[in-house]
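Number of protein chains: 2
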Amino acid sequence: MGEALSTFYSKGNLNTMKNVTLYHHGPSTCSQKVRIILELKNISYESKIIDLLAGEQHAPEYVKLNPNHLVPTLVTDDGVLIESSVINEYLDDNFPGIPAKPSDPFNIAKMRLWVKYIDVYHPQCGSITYGIGMRNILIQKPKDELDQEIASIPDLIKRKNRRDLVDMGLDAPVLIEALKQTEVLLDKLEQELENSDWLFNNSFGIADAATLPYIIRMEQLALGELFSSTKRPNINNWYERIKNMDIFENAVTSYIPEALIGVLTKFGNDQKDKIFKIMEKK
Amino acid sequence: MGEALSTFYSKGNLNTMKNVTLYHHGPSTCSQKVRIILELKNISYESKIIDLLAGEQHAPEYVKLNPNHLVPTLVTDDGVLIESSVINEYLDDNFPGIPAKPSDPFNIAKMRLWVKYIDVYHPQCGSITYGIGMRNILIQKPKDELDQEIASIPDLIKRKNRRDLVDMGLDAPVLIEALKQTEVLLDKLEQELENSDWLFNNSFGIADAATLPYIIRMEQLALGELFSSTKRPNINNWYERIKNMDIFENAVTSYIPEALIGVLTKFGNDQKDKIFKIMEKK
Numbered sequence: 001m002g003e004a005l006s007t008f009y010s011k012g013n014l015n016t017m018k019n020v021t022l023y024h025h026g027p028s029t030c031s032q033k034v035r036i037i038l039e040l041k042n043i044s045y046e047s048k049i050i051d052l053l054a055g056e057q058h059a060p061e062y063v064k065l066n067p068n069h070l071v072p073t074l075v076t077d078d079g080v081l082i083e084s085s086v087i088n089e090y091l092d093d094n095f096p097g098i099p100a101k102p103s104d105p106f107n108i109a110k111m112r113l114w115v116k117y118i119d120v121y122h123p124q125c126g127s128i129t130y131g132i133g134m135r136n137i138l139i140q141k142p143k144d145e146l147d148q149e150i151a152s153i154p155d156l157i158k159r160k161n162r163r164d165l166v167d168m169g170l171d172a173p174v175l176i177e178a179l180k181q182t183e184v185l186l187d188k189l190e191q192e193l194e195n196s197d198w199l200f201n202n203s204f205g206i207a208d209a210a211t212l213p214y215i216i217r218m219e220q221l222a223l224g225e226l227f228s229s230t231k232r233p234n235i236n237n238w239y240e241r242i243k244n245m246d247i248f249e250n251a252v253t254s255y256i257p258e259a260l261i262g263v264l265t266k267f268g269n270d271q272k273d274k275i276f277k278i279m280e281k282k
Numbered sequence: 001m002g003e004a005l006s007t008f009y010s011k012g013n014l015n016t017m018k019n020v021t022l023y024h025h026g027p028s029t030c031s032q033k034v035r036i037i038l039e040l041k042n043i044s045y046e047s048k049i050i051d052l053l054a055g056e057q058h059a060p061e062y063v064k065l066n067p068n069h070l071v072p073t074l075v076t077d078d079g080v081l082i083e084s085s086v087i088n089e090y091l092d093d094n095f096p097g098i099p100a101k102p103s104d105p106f107n108i109a110k111m112r113l114w115v116k117y118i119d120v121y122h123p124q125c126g127s128i129t130y131g132i133g134m135r136n137i138l139i140q141k142p143k144d145e146l147d148q149e150i151a152s153i154p155d156l157i158k159r160k161n162r163r164d165l166v167d168m169g170l171d172a173p174v175l176i177e178a179l180k181q182t183e184v185l186l187d188k189l190e191q192e193l194e195n196s197d198w199l200f201n202n203s204f205g206i207a208d209a210a211t212l213p214y215i216i217r218m219e220q221l222a223l224g225e226l227f228s229s230t231k232r233p234n235i236n237n238w239y240e241r242i243k244n245m246d247i248f249e250n251a252v253t254s255y256i257p258e259a260l261i262g263v264l265t266k267f268g269n270d271q272k273d274k275i276f277k278i279m280e281k282k
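Protein chains in written order, with full-length UniProt numbering: chain A, 1 to 282; chain B, 1 to 282.
It is worth saying that the hints were derived from the structure and are not from the lab. What you were told as hints is all true, and nothing was included just to trick you.
Note that the list lumps identical chains together, so a pair holds whenever it fits in one copy or between two copies.
Listed next, the in silico DSS-like pairs over lysine-lysine satisfying Cα-Cα at most 25 Å (straight line):
id: 1; residue 1: Lys64; residue 2: Lys180
id: 2; residue 1: Lys101; residue 2: Lys116
id: 3; residue 1: Lys101; residue 2: Lys18
id: 4; residue 1: Lys64; residue 2: Lys188
id: 5; residue 1: Lys180; residue 2: Lys158
id: 6; residue 1: Lys266; residue 2: Lys141
id: 7; residue 1: Lys160; residue 2: Lys180
id: 8; residue 1: Lys116; residue 2: Lys188
id: 9; residue 1: Lys281; residue 2: Lys266
Whenever a hint applies, use it, and build me the whole structure from the sequences.
Here it is, written out as structure tokens:
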């Protein structure tokens, strides 16, 4: 390889060889996961914001890219990919830079097992965000408008859950279950971080990226006490380490409106006592 | 590397370097997925049957290996792994032999996306097997005994679904939804196989292994017409190709009792007209 070419192939340039476009939404947990890995691996990308509150995920042009009506979607010269966990492994397989996976197959398998677990946990975060935060904005709408909004949810089970979350808040069975599953997640995470700074890797990687957005959301909902330095010190230390990394601001906080955090934190604070009581009852 | 050592490291021997034990159940779809890849890659393993009908998946010793009370579980010198999709990637990463993954990152990502989709489909297969087949055996039990069996299911939603499947059979909403999702799966599969003999690979691989057990189950339930040579020729050809491979008998049919297939096929045949009517209604 000639000197010029070898310079071109140096880390930074290789990452700009492919055109990368990310369709995403600032606060969306799964969008955060992909932005974090793009940032970690120093991959330049074109950012296209999909405004979930304005329903842009349902626009026919976008649904052609993402038939699930979800964010994020990654488009490269290779083609279109959806599902954050699939996208993140692809980014690590395809782009050099800091590796986001462990190097041995057994730890890779453990990382994948964890990511699969987090994917299963994911809907609980929706219930928590909705039932503790967003519902308090929605119930201020005129009843007709709200009913129509809920009726437009195509999936029968999601529609029923949304109805319960709006009508019952912290008394909705789906939210009580979500809080219990969150307690399970935090216990598992505290244990995984007992002897390791990062999840199944020597440095921040895909499993950390998959988990972080849910910890951030809990903090935004005024539930940070769940991983205080006395209650769950391993999570606390892990979170502090991440807050000191550039990715934290560049891929996460810079994309989340302060006003949204303010609303979530207010409603979380108002209901904190009841939330902790539910979580203590096992 | 000396000659003796290089002979030792030749394909076959490398696959016997690690001790591999598989805890599995003959007809279980996810057990089939792993047995298929072990067979494809010519990996020798110790077989430990977990009798799901006798409740051996709940035995404390087994739960230590698989906290989800499920099969399969793979134990190697590296440690314990669960979840068939994670296990199969581990086997391909770790053992030489016929590769079960495509070689380029984009097709690997598409394979993973498909496997993730199949993992989400998986519970539908349970509803179909249960609601069309097994319920007809269960409803012959004394009511007390049956009620107790259903009451022992810990998960609230699974318990409710089981109750509906037993009480309503083909009128259970969960079964009607499962049949609709099966129609979606078959349409997607027919399309994926339009220009390719195998799923996202040049030869039989992980995505094929993930899909095959559900096609086999449909055939066992007398629903083979859904992928007849006229109705869905691509699936039909793919299935015929697989039936001609050694893995089909060695990893699948040899582990499934004829008597079970007989029962499933009988109940499927009895209800076939109603099943197809449900599937035609979109």
